[in-house]
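Enquirer: Residue numbers (this note's numbering), protein chains in the order written: chain A, 1 to 212; chain B, 1 to 100.
Calculated directly from the structure, the hints in this document are not laboratory data.
Since the structure is predicted, the reported quantities are computational estimates derived from the model, not experimental observations.
Mixed in with the good hints there might be a few duds.
[To be verified] The list that follows gives simulated cross-link-like pairs (lysine-lysine, PhoX-like), each with its CA atoms no further than 20 Å apart:
#1 76/A <-> 66/B
#2 76/A <-> 162/A
#3 84/B <-> 76/A
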Amino acid sequence: MSDLAIFDVNPAARIKSESPLSMSRATVSTLRLPQGAGVVIRERAFLGHLVLRGRVSDSAFVAGVEETLGLSLPLKAGGLSIGGKDEASIQWVSPDEWLIIVASGREFETETRLRACLAGHFAVMNVSGGQTVLELAGPAVREVLMKCTPYDVHPRNFPVGKGVSAVFAKSNAIIRRVADERWELVVRRSFADYLYRWVLDASEEFGVYVAE
Amino acid sequence: MLHIYCPHCEEYREEEEFRPKGEAHIARPKAPEETDDAAWGDYLFFRKNPRGVHHEQWLHAAGCRKFFNVTRHTVSYEILETYKVGQQPTARTTDKGGAK
Ligand SMILES: [Zn+2]
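Okay, chain A solo, but in the shape it has when bound (with noise of 0.2 Å):
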């Protein structure tokens, strides 16, 4: 248990939110319809992000975050867990660094959580302000990949659960593939609109969607 004031940054009340991408508008011509569309592009606004630190050699510190995600804590390269309660998953960062995201408005209970479970070396962070999650699903989301990061997106490279943080567009994301044409980028707030334009523009060839 940390003795650190802790509060809810994200409080529920009747107070209008916005999400990176709400002044955005496409700028490319999309389709009417998700039918035949190569790429369909959804902003999962407002999840709960958490920056987790600590050490892999901490093995009370393993068995806590494993125990309150109720996930498998990806030691290696690329991990990322996904399920459990809410649909949380937690991702590899570096060696001591993690991201978890959960539901929205369940943030601030997972990192309460957390804290009560946790002890010596480690830090919660919430920045769930600071970065928003843009789902694009469709036969052509790799080929939009392809030519928006030099990472190497195929599939024996990158199966369903790896999720990496690499260049993107000129600036970084994080790449996640979650199912066989379901991909997750995890981009940073103030890089949110200008991605978000790029990979429409990357996907109008292909005939892309926005979906709510």
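The hints should help you fit chain B with the ligand onto chain A, whose structure is shown.
Expert: Structure of chain B with the ligand alone, referenced to chain A:
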């Protein structure tokens, strides 16, 4: 374009994901207050610039954001090995007329 193996991410990544961060294995003087100005200046400012094999620090800026060490030939750009901070290189420098 270099293909650099990150010892933390355990795979080869494109050069544009990395930043070079200068000479590796520079030891901070154990007692700075007892170090004379010349030695402290050497520690802070003076770096090797060899023509040949060089041990360097690199940062995987777009990936794991960790530092690691690279042994690179400064003429051919060949990377002989990469290894984590705290580990020792197996390749030796073969000082071929480098400065300092
Ligand atoms: Zn790395």
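Enquirer: Now look at each hint and say whether the structure bears it out.
Expert: Here's how the hints hold up against the structure:
1. 76/A <-> 66/B: 15 Å, holds
2. 76/A <-> 162/A: With Cα atoms ~10 Å apart, residue 76/A and residue 162/A stay inside 20 Å; holds.
3. 84/B <-> 76/A: The given pair, whose Cα atoms are some 16 Å apart, holds under the 20 Å limit.
In terms of the numbered hints stated before, the structure departs from none.
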